[in-house]
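Asker: Each chain is listed here by its residues.
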Amino acid sequence: MNLSIILAIAFGGALLTYFSGKISKKARDVLAVLISLVIAVILAFFYNTSSREIFYTGFLDFPLILRIDTFSWFFAFTIAVIGSFSIIFSLSYIRKKGNTDYYYTMMLLVIASMIGIILSGDLVSFYIFWEIMSWSTFLLISYNRGPAIAAGIKYIIMSVTGSVAMLVGIISLYSHYGTVIYTELSGLLYNASSGYTIFIFVLFFIALGIKNAIWPLHVWLPPAHSEAPSPFSAVLSGTLIKIGTYGIILLIYVIVKINVFLNLGEGIVSARYIIAVTGAITILIPTFIALLQDDAKRLLAWSTIAQAGYIILGIAYGTSESVASGMFHFFNHAIFKALLFMVVGAVEYRTNGVRDLNSLGGLIKKMPVTFVGGLIGICGLIGVPLTNGFVSKWLIYKTLIINNSPFLAFAALLGTWGTILYSYKLLHNMFLGQLPEKYEKLERAPFSMQLPIVILSLAIILFGILPGLPLKVINSIESGFGLEPLTINIWGITSDTGTINMLNLFVAVFLIGIMIWLIFKGSKKSAGIGQYDNYAAGTTVPKNKYHYSVDFYGPLHRMISPYLRDFIDDFYMSLARSIKNLGNGIRRIYTGDVGYYAIYIMLFLALLIFIQIKWKLW
Amino acid sequence: MRELELYFGPQHLGMVGNFSITLNVEGDRIVKATANPGFLHRGFEKLMEQRTWIQNFPLVCRINVVEPDHMELMYAMAVEKLAGIEVPERARFIRSIYLELARIGSHLFGLWAYANMLGFDTVANWAMYHRDLVLDLFEELTGGRVYHIYIWPGGVRRDFPEGFKDRIINTLHTIGSCVPDYDNTFFNNRVFYKRAKNIGKITCEEAKRMGAVGQVLRATGMKQDIRKTEPYAAYDQVDWEIPVRTDGDAYSRIWVVRDEMIESVHMIFKLLDKMPEGEVYNKIPNPFKWKIPDKDAYVRCESSRGELGLYLVSNGGDKPYRAHFRTPSYNHGLTILEKALENESIADVGNIMISLYITAPEIDR
Amino acid sequence: MDRNNLGKWLKSPGKMGQKYSLHALYFCTGCGIIEIPPSITTRWDAERFGVIPVATPRQANLFLITGYVSVKTLRYIIRSYEQMPEPKFTVGFGSCPINGGMYWDSYNTIKHLDKYIPVDGWIAGCMPRPEAVFVAVTHLWTLIDKGMADGYNKYRANYQYYRENQEKILGKLEWPPLFSKNIKHEEYRTIA
Amino acid sequence: MKNTGQLLKEKLLLSFEDIQAEVSDEHRLTVNCRKDTVITVLSFLNNSGYDHLALISCVDWIKDNVLELVYILTAYAEDKGKAKMNILVKTRITREKPGLHTVIPVFENAEPYERELHELYGIHFMGHPRLTPLFLEREYKIPPFRKDFDTRKYVQEVFDQIPFVEDKKAEK
Amino acid sequence: MVMTTILEIIFIILLAGIIGLFFLGLSRKIMARIHWRYGPPITQPLIDIIKLFNQTSMSHGFLFNFGIIFSLAGSVVVLLFLPFGRICPLSDSGGLLVILYLMLIAPLGLALSGGEAANPYTSIGISRKLLLAFGYELPLLLILLTVMTHYNTISIVEIVNKQFQAGWSFQHLSLLLPGIAYILILPAILGFRPFELIQAPQEISSGPMAEYSGKFLALTTIQHAFNIFISISLFTNLFLGGAANPGYFFLKILAVFVIFLFANAVFPRFRIEQAIKYLWRWPSILAFAGLIIVLITGKNF
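Chains as they are written, first to last, in the numbering used here: chain A, 1 to 618; chain B, 1 to 365; chain C, 1 to 192; chain D, 1 to 172; chain E, 1 to 301.
To be clear, the hints were calculated from the coordinates, so they are not data collected in a lab. There could be a bad hint or two in this list.
Unchecked claim - Take a look, some chain C residues computed to stay more than 12 Å from chain B by CB distance: (1) S12; (2) L143; (3) R156; (4) E167; (5) L173.
Stated by the list, open to error - The list that follows gives simulated cross-link-like pairs (lysine-lysine, BS3-like), each with its CA atoms no further than 30 Å apart: (6) B:K81 - D:K82; (7) A:K525 - C:K15; (8) D:K84 - B:K274.
Idealized CB from N, CA, C, for every residue including glycine.
Construct the entire structure; sequences and hints are all you get.
Answerer: Here it is in structure tokens:
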């Protein structure tokens with residue numbers, strides 16, 4: 001089958017959905033689901049194949065190339081599946097709102113352009129799809145109006161800035177080597193001066209880092225994630241920001257190649273180390289900030305940034321285990337973060353748009369399936385053994401420790417413990433505790449919402465017990481990159497430095513769980529009581545007023561919030577002192593006005609281009 | 001935003017006495033605290049109106065179970081004042097010694113409560129053990145462990161038994177020898193310091209405005225003690241100092257309590273030295289026919305919690321017409337507590353409450 | 001004391017467990033609470049017999065009503081008592097819960113506690129000494145052995161009468177009845 | 001030489017017209033005043049250094065058909081003469097619908113006392129922020145501390161009428 | 001092979017349970033003696049558990065039951081990964097990192113179960129529990145990383161084996177500081193005073209336990225017993241060289257436990273923010289210094 005057909009179906013389907021919506025709502029819904037599923041199914045058939053085709057040559061004489069290999073299949077398939085789930089989830093979520101035709105079209109467009117990016121075989125088509133994706137994403141983020149528009153504008157300004165940087169990089173590459181095709185470039189950059197490689201790196205990293213929300217380029221993400229419609233947040237967090245990850249892997253392991261990358265710079269100032277440290281910082285700071293959030297989706301958004309840090313750390317660290325963990329974590333994160341956004345979306349749908357963690361509570365009694373989804377989702381997020389997040393995190397810790405980078409390992413581990421705190425808060429404040437009276441009549445989430453939640457939950461458990469399935473694919477990707485593949489079996493990984501066998505763990509947990517359950521069942525039966533029959537120092541339980549949710553981690557909050565603020569403040573204040581003239585301008589970056597930020601980056605880029613043209617330093 | 005209402009008491013391990021505080025909480029900070037008394041309200045003062053002057057003695061001591069002796073004294077003093085009865089010199093000394101012992105017992109009980117509140121079981125157990133030693137003395141002297149009914153209009157019920165003086169000295173030495181232990185493990189404990197310092201802080205001005213007395217007032221730097229300003233019993237016969245601290249927080253209050261205990265021990269030694277011989281009891285008229293002239297009286301004393309007062313009215317009958325106790329915990333528990341709890345952490349509710357030395361039966365009566 | 005009698009343990013572990021692990025609910029209902037600290041601390045050390053105070057009614061199986069019960073407290077006592085898991089034992093401490101004691105003519109204390117909740121044993125006196133607590137505990141052991149400490153069963157069987165009495169004094173109670181009317185058995189009500 | 005009480009008495013009599021003041025023993029001053037001057041007298045005393053409101057009490061003189069409110073003031077002072085003084089400010093109000101202005105603006109700690117008197121004597125304090133029940137759970141037709149409330153009769157009527165559960169079972 | 005593993009598993013679970021309950025009883029007895037009391041019989045925890053199983057219990061719902069089973073299962077599974085003497089049934093899977101992760105199942109299970117109880121006291125207790133865990137994890141992670149970097153392995157069995165060859169970790173100068181840091185945070189891990197703030201019965205009515213009755217309470221007691229065993233065993237394995245046979249190992253953990261029991265007797269409890277501040281100050285600085293020393297001096301193996 002032809003790759004261009006997939007894109008044709010995807011883009012054509014998006015437009016078709018719009019017009020079918022004018023005829024019949026039902027037909028449009030079916031069509032949208034169908035298209036997304038068809039894309040996923042077709043992509044599934046491309047498993048373990050590799051092909052390459054030129055689909056258009058008319059664009060400024062660039063041959064626009066599509067290609068597929070295991071690497072792009074892995075990403076494309078994940079994106080297509082998550083995309084189709086979120087479209088199924090949208091069916092009831094979006095029904096109440098207006099402008100649904102537009103919504104579905106944009107949604108399909110985003111998915112189509114993401115697949116386009118991943119399937120493209122040269123930088124120009126990469127860039128074209130990139131732009132389509134940026135703009136359609138902007139339109140979807142702003143879908144809810146009000147604050148969503150501000151969030152969308154913040155996103156698009158940063159995105160455009162990144163695009164410009166990438167464009168400069170592409171032009172520079174083209175002017176140097178006369179080609180923008182990955183396969184051709186990879187051999188050429190091998191001989192380039194390290195200065196030039198770094199220059200390309202910086203330019204691409206601005207674009208990819210903004211999309212991937214690497215600290216400190218993350219500022220667009222929290223508002224965008226929280227203001228977008230929930231099913232789209234799932235796509236946004238689960239897959240869209242991973243396009244950045246894809247780009248980074250592409251850059252490092254396909255275009256630049258691993259051996260060049262590892263030799264770029266030395267010791268602490270090596271590119272590898274700097275990116276890894278950035279990844280570590282991206283884990284730590286957003287984790288702490290997520291602890292302070294009161295908005296469910298904003299909390300998940302910060303969590304997304306932090307988890308992206310693990311992926312970056314894994315990819316940049318450059319050992320075969322760490323790269324495997326990075327890619328595995330990408331896959332896992334796509335699953336559980338999409339799941340969590342869907343869970344929050346389901347709650348938001350049933351409570352008419354409440355996602356403030358301080359005003360919910362006790363919903364487990366009304367939405368048990370959604371709760372179980374949330375529970376498994378946070379277990380995956382934390383990396384509780386027997387969920388998929390565990391294996392990927394275990395891999396990254398192990399390789400960091402064995403290769404003598406305990407500080408990076410420390411950041412990763414501490415980030416996990418922070419994750420426990422905020423994810424439990426998310427679950428507790430929404431689902432546990434006392435149910436307010438006004439939600440007493442709440443119904444379960446509709447089937448179209450429960451279905452993706454259940455499937456994704458099962459996937460988390462499945463890949464947690466059988467990590468060999470995705471690791472097999474990742475292994476073949478790694479051999480494509482020239483990394484030594486891991487020795488794996490379906491249950492886990494074996495190596496001299498540390499073995500993990502999920503079968504042992506699974507059997508142990510399962511049998512012991514059964515044993516304790518039998519003891520529990522065998523002893524006296526317990527009587528069920530309701531939430532108002534509760535300890536309240538002898539008084540009767542006050543309705544609506546007996547749920548500890550506000551400021552759940554109050555003591556920690558009071559302790560760390562001044563430091564979090566001061567840290568950024570101090571940094572920019574000292575910068576302002578040393579570069580007095582620029583100081584004012586830089587401080588304005590953090591006034592929240594993204595415009596300044598964009599201008600600043602653009603000025604920097606202009607400077608770089610100027611230097612390049614004038615002196616040809618690289 | 002969901003409000004949270006927490007109940008500290010009545011059924012709560014940190015609550016000493018039957019009392020309840022309703023807390024409106026945000027995070028772990030208290031936004032508003034409302035005291036909810038009345039769980040021990042028996043209408044004592046109403047009951048007293050239906051019993052004769054002497055029948056009331058068993059009743060008054062039960063108003064405050066932690067320290068019944070000052071209640072007895074108060075009632076005896078008021079009756080003496082109304083009926084114009086004199087108290088023999090030796091009885092005055094005995095009363096002072098007896099009241100100081102009661103003060104030590106009560107403070108040790110407070111120390112138990114405070115240590116227990118902070119999870120300091122060891123010191124709590126020690127304090128209770130030493131309190132039992134003091135109660136043994138009471139048992140020997142009066143026959144009752146908790147309720148004694150020892151002070152009587154016109155003196156005390158009976159003289160010290162033989163060798164009692166030595167036993168008091170022995171007991172006090174036993175307790176006194178443990179003071180360094182208490183200091184090392186509790187009062188100078190770094191963790192305890194962190195826990196109690198700057199907690200439930202009230203300034204001297206606030207304390208005066210809200211009617212604070214006793215340790216709460218003395219911990220803010222005000223040197224006030226009724227034993228000095230309006231001496232009763234034999235307090236004017238010996239030299240002693242009022243312990244004062246200036247910070248006004250829980251830490252200062254508990255230190256004032258500690259210093260007071262030590263001061264009491266010294267005072268008892270001095271009183272025992274100076275104690276004269278003689279009668280301990282001036283006879284009163286036949287209690288069944290005893291009528292007291294139409295008058296009212298306000299008497300006050302310094303109980304272990306602060307100023308204790310009694311407003312007693314007689315209409316010339318054989319029963320009190322009206323009695324009204326002014327108890328130290330009343331303002332502490334109903335006015336100051338609510339103020340002191342604001343903006344504190346949930347973890348410190350009991351800490352502050354006990355450091356204010358609130359006993360519920362005194363409030364409710 | 002037959003705590004070390006292994007045969008008895010094997011024969012009726014439930015009863016023996018109940019006997020030697022009496023977790024008392026800490027509730028200062030009246031002035032009798034003043035003698036509870038001495039009895040659980042150094043001098044008398046009730047923990048020797050497995051008696052310790054616990055924080056919430058859920059964890060408790062012994063309810064010591066320490067002293068007079070005012071009308072306001074009664075509500076909380078009933079609530080706490082109903083929250084305790086069965087089997088549970090109640091002991092009235094002091095004269096006041098028996099018949100009003102000192103406060104027989106007070107307008108705000110109830111006179112007979114056993115009109116409102118079942119009481120398995122009484123400790124007379126004002127104030128009873130800590131030793132009396134141990135006497136009560138040993139008596140309770142005998143009662144448990146003979147299966148006579150069945151106040152909770154009585155409560156279940158006569159719940160409607162108890163509830164009627166409670167409502168006469170307290171007005172309408174905020175919580176729904178623990179056992180549904182006329183059903184003598186089992187099943188806690190589920191309030192959802 | 002005049003003692004503190006006498007000096008204060010003279011000062012009071014100079015400032016207020018319709019009050020009676022009497023120094024009965026060396027540290028007691030009794031002031032009788034009308035119910036509308038109570039607040040001014042109290043704030044006058046507060047300003048002269050008697051800044052501690054020890055007690056607000058009430059006596060039900062049922063024969064005269066009045067309730068007598070007694071405000072007892074002492075001083076927070078290290079000066080012995082002043083600290084010794086107990087000042088009793090008395091005022092009489094009718095037993096039917098008794099009402100009075102609150103003294104919270106003068107003495108902050110009067111709040112619980114007035115709540116208590118409201119509950120036990122049925123006196124309404126105007127301007128009091130929360131005259132909610134303080135001690136009592138049940139409602140009483142006659143406030144329980146008034147002389148015409150017979151507690152023994154009340155006990156017989158209420159508590160003694162409740163049957164033992166065994167009796168009740170036997171009945172049915 | 002499989003048979004021996006299963007026998008080992010049963011042996012270690014039973015032994016850990018017995019030792020844990022013995023420790024609970026011992027702690028009550030020793031604390032009583034420090035209080036100048038006689039104290040309960042050493043079997044008192046067992047008596048309590050028997051009673052609790054014979055009592056009715058109230059459940060707030062499915063998660064209320066599930067959480068407690070989950071939590072206990074988590075604790076028991078950790079046992080299989082910890083070397084007890086030379087016995088370690090599942091030594092070949094994941095090493096110390098898996099233990100770290102499995103150790104968080106127990107609090108998570110309790111947290112879920114407590115959350116379902118719909119009681120703010122429970123929630124406050126859980127909030128404190130998680131915060132305290134966050135507090136001590138920071139130094140603990142540094143310590144564990146130091147040890148793992150020092151021995152350049154993530155397998156705890158290997159760490160113990162290497163200590164057999166080269167002496168206890170305490171004897172290595174570079175692991176001295178982390179060892180001291182571990183001693184400083186061990187009370188927090190065990191929940192001893194001054195860190196006994198999770199249940200804090202006088203403050204928040206026994207926190208997460210507030211709604212447990214009957215068998216729930218029994219299972220939490222058992223879980224607590226396991227937890228004590230696990231925490232002390234981990235310390236002993238990492239720093240006191242493990243042991244060649246179970247008897248010797250038991251003596252070691254007993255000694256450590258009794259020492260911390262004495263510390264338990266002479267402190268009141270911290271407030272949670274004070275506890276975190278303490279844990280993030282000295283123990284963290286020591287552990288951090290240790291890590292840097294290990295990195296500078298290089299590996300010993």
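Asker: All hints, please: hold or fail.
Answerer: Outcome of the hint check:
No Cβ of chain B approaches the Cβ of C:S12 within 12 Å, the least distance being about 31 Å, so the stated non-interface status holds. For C:L143, the shortest C-beta to C-beta distance to chain B comes to about 25 Å, beyond the 12 Å cut-off, and the non-interface label holds. Distance check on C:R156: its Cβ is at least 22 Å (rounded) from any Cβ of chain B, clearing the 12 Å threshold; non-interface status holds. Against chain B, the non-interface label of C:E167 holds: every CB pair exceeds 12 Å, the least being about 20 Å.
Annotated as non-interface, C:L173 keeps its C-beta farther than 12 Å from every C-beta of chain B; the closest such distance is 16 Å. Straight-line distance between C-alpha atoms of B:K81 and D:K82 comes to about 21 Å, which keeps the hinted pair within the 30 Å bound. Between A:K525 and C:K15 the alpha-carbon distance is near 18 Å, which keeps this suggested pair within the 30 Å criterion. Annotation: proposed proximity of D:K84 to B:K274 holds, straight-line Cα distance about 26 Å (limit 30 Å).
The structure fails none of the hints (numbered hints given earlier).
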